[in-house]
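**Student:** Please model the complete structure; the sequences and the hints are all you need to start from.
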Amino acid sequence: MISEGSSFVKGMAMGAVFCLLLSILGSFSPNVPGSSDPEEEHHHHHVIAPNTKDMQELSQAEMVELSQKVRVYCLIMVTPKVLVHWAAANSTWAKHCDKAAYYTSESSKAMDAIDLKESDEWARIRVALKHAYENAGDMRWFFMARPTTFAIIENLKYLILDKDPSQPFYLGRSQKSGELEYVEFDSGIVFSYDALRRLMDILKNDDLCPARGRAIWKVSEEKQLAICLKYAGVYAENGEDAHGLSLFNSQSISTLITDSISKNPDKVLESCCSDMAISFSGLSPNQMQVMMYGVYRLRPYGHDFHDSMIFLPPKGSDND
Amino acid sequence: MSPGNKEETGGEREVMKSHGSRCLFFLGFIVGSCTLYLLQLVWFEHPGLILQPQGAGNTTLSKDWRAEGAALINLRHPKKQGKDSHVADELYKKVRILCWVMTAPKNHQTKALHVKATWSRRCNRVVFMSSVNDPNLPAVGLGTGEGRHKLYWKTIRAFHYILEKHGDEADWFLKADDDTFVAVDNLRWILSNHTPAQPVYFGKHFKLHVKQGFMSGGAGYVLSKEALQRYVKAFSTKMCTHTSPEEDVALARCMEKIGVRPGDSRDTLHRDTFHPLAPEFHLTRKFDKTHWYWMENFHRPAEGPQCCSDLAVSFHYVDSVLMQTLEYFTNHLRPWGYRYRYRPSPPLVGLVGPVKT
Chain D
1 MISEGSSFVK GMAMGAVFCL LLSILGSFSP NVPGSSDPEE EHHHHHVIAP NTKDMQELSQ
61 AEMVELSQKV RVYCLIMVTP KVLVHWAAAN STWAKHCDKA AYYTSESSKA MDAIDLKESD
121 EWARIRVALK HAYENAGDMR WFFMARPTTF AIIENLKYLI LDKDPSQPFY LGRSQKSGEL
181 EYVEFDSGIV FSYDALRRLM DILKNDDLCP ARGRAIWKVS EEKQLAICLK YAGVYAENGE
241 DAHGLSLFNS QSISTLITDS ISKNPDKVLE SCCSDMAISF SGLSPNQMQV MMYGVYRLRP
301 YGHDFHDSMI FLPPKGSDND
Chain U
1 MSPGNKEETG GEREVMKSHG SRCLFFLGFI VGSCTLYLLQ LVWFEHPGLI LQPQGAGNTT
61 LSKDWRAEGA ALINLRHPKK QGKDSHVADE LYKKVRILCW VMTAPKNHQT KALHVKATWS
121 RRCNRVVFMS SVNDPNLPAV GLGTGEGRHK LYWKTIRAFH YILEKHGDEA DWFLKADDDT
181 FVAVDNLRWI LSNHTPAQPV YFGKHFKLHV KQGFMSGGAG YVLSKEALQR YVKAFSTKMC
241 THTSPEEDVA LARCMEKIGV RPGDSRDTLH RDTFHPLAPE FHLTRKFDKT HWYWMENFHR
301 PAEGPQCCSD LAVSFHYVDS VLMQTLEYFT NHLRPWGYRY RYRPSPPLVG LVGPVKT
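Chains D and U supply the protein sequences, listed in that same order. Just so we're aligned, residue 1 is where the first sequence starts under the working numbering, counting upward by one. Just so we're aligned, residue 1 is where the second sequence starts under the working numbering, counting upward by one.
It should be emphasised that the hints constitute simulated quantities derived from the structure, not laboratory data. Take the hints with a grain of salt, since some may be wrong.
As the list claims (entries may be wrong) - If you only want the chain D side, here are some residues facing chain U, beta carbon under 8 Å, derived:
#, residue
1, LYS10
2, MET12
3, LEU20
4, THR258
5, CYS273
6, ASN286
7, GLN289
8, VAL295
9, ASP304
Think of the CB as a built atom: it goes at the ideal place given N, C-alpha and C, for glycine as much as any other residue.
**Tutor:** Here's what the structure looks like:
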């Protein structure tokens, strides 16, 4: 009996050790050698939108220069199976990107998109980011999203207004998985030019950043991306407003509000939803049309914000 | 023979023992790895940023409102940092609106509360009208029963009560349901081009049943002071009576009799401001030309984005979640720096100087 019991215990101990080993191998956080370059000092964890007062002190010329600097290249990852989502993004929020490029898994006549000729999503992301980096022209900010995400690009520009794109920024709604901090794909991922530059370098290294995931089980694309970026010295950061509310949301407004009504019935909106929110996710095409109206049109008469920068409505559009 | 047997059975027992302990080892292995896996999940994964709301809840509401009997008086027009609201503030003083909200006891703690927490804060006065008194909301008990057939009774009594108790406190008198969302600042913009001495009322105009048409009850309608005075007087002279339970049509019939004309509440691009349905319907639905909405509209309706003015006044069939969502869209969420496409010129009524009546 005792010997049987000890076998069981030995088995348990071995199993536990085995499991630990597996998880360590799966989400290995590397020790990136500390760089002597002072530019590498990038210690923010929470990225906050700039202070209005600081913004109002800028001159007209500075503002014009800034408006060029914050232009955004949107990468929208689509599949022909859900054509209706491509059409929805195309006719709604993507019109506010300075450039919107659609990257698809396979070409389709109905959809104006760049065919990546890759069936694996991680492979598509690598190719798409490379294509965006090479075709950015002088744009310095990138926003990668699925077509079921709704993004308010003007608010994204406000967030990055005082951030330097020659620094490595990789931000959105950050989450932690074990020791790995990553940005959720659903709520959109923001990259600065420098973050992509470093990513391009690390993608060439098949040991650190393989084309196929190296863990024994498949790691999600968003985590795989975070792992590669971490090797390149780029860390995930959470985009929030001055009250600490997340600007990037992985749910729709109705879901957020429904939750808030039950959790904080006295302060429903103040606890869930920022005035300067950047993204919401899980929206149907009809809901996107309602968002366009709610964000870009519906407002109360007689209030003005005197924002220090002006973004004009896109040409040839009537739902914003 | 017996020692040999013993040896054999002993040998067998040992074989069985090692087989058994191997099984146990495997079992232990599986149990051990599963346990550690679960432990890791619990240990490392913690929830994302969950914010605690700052400050107390109820005190803010009581700082904003003073209750006077059953009416809630707006003490503090909701203000926002960094927002220049001087035009809206001027209109607030010049175009005084009393909002009365038709509700029922079963909705006092649900729908009515959401109305109280959201759009009604922008009215100069708000009164919740119900069949039963409720000091907690507060709601006025009109002494009617509940049900669709009581709607016009409630309306008649509500307007009588309002004129008697609050007639001097406002220039315009809005009726809304507890599932109507109203952008009160936009209503002020519409009304600023008219005077309360005119016998006029505004809403979502339909053409059937009454010669001059009627205003949809659910989309909300607003009476000028003159219209309200004529309406109440008409009941004492019996010119108007309770003709039918259909509140909006019956009211319109009375309005026609007493010379109160229906106004045009559309914006400068002839787009509707009062809406009898929820935004998703108006913005995305393709109406069959035999649909009542298409057939009964007083003016030619539009589909798609031009259905609705940027400066919309109301939407109907709005549940609690949509109520908070519309409040979020209207008064909170905005695109930084965006220059709106529709920028109408200021109202004709000068904002400097008194409103001429």
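**Student:** Does each hint fit the structure? Answer for all of them.
**Tutor:** How the hints compare with the structure:
no., hint, in the structure
1, LYS10, "6 Å, holds"
2, MET12, "3 Å, holds"
3, LEU20, "6 Å, holds"
4, THR258, "5 Å, holds"
5, CYS273, "6 Å, holds"
6, ASN286, "5 Å, holds"
7, GLN289, "5 Å, holds"
8, VAL295, "6 Å, holds"
9, ASP304, "5 Å, holds"
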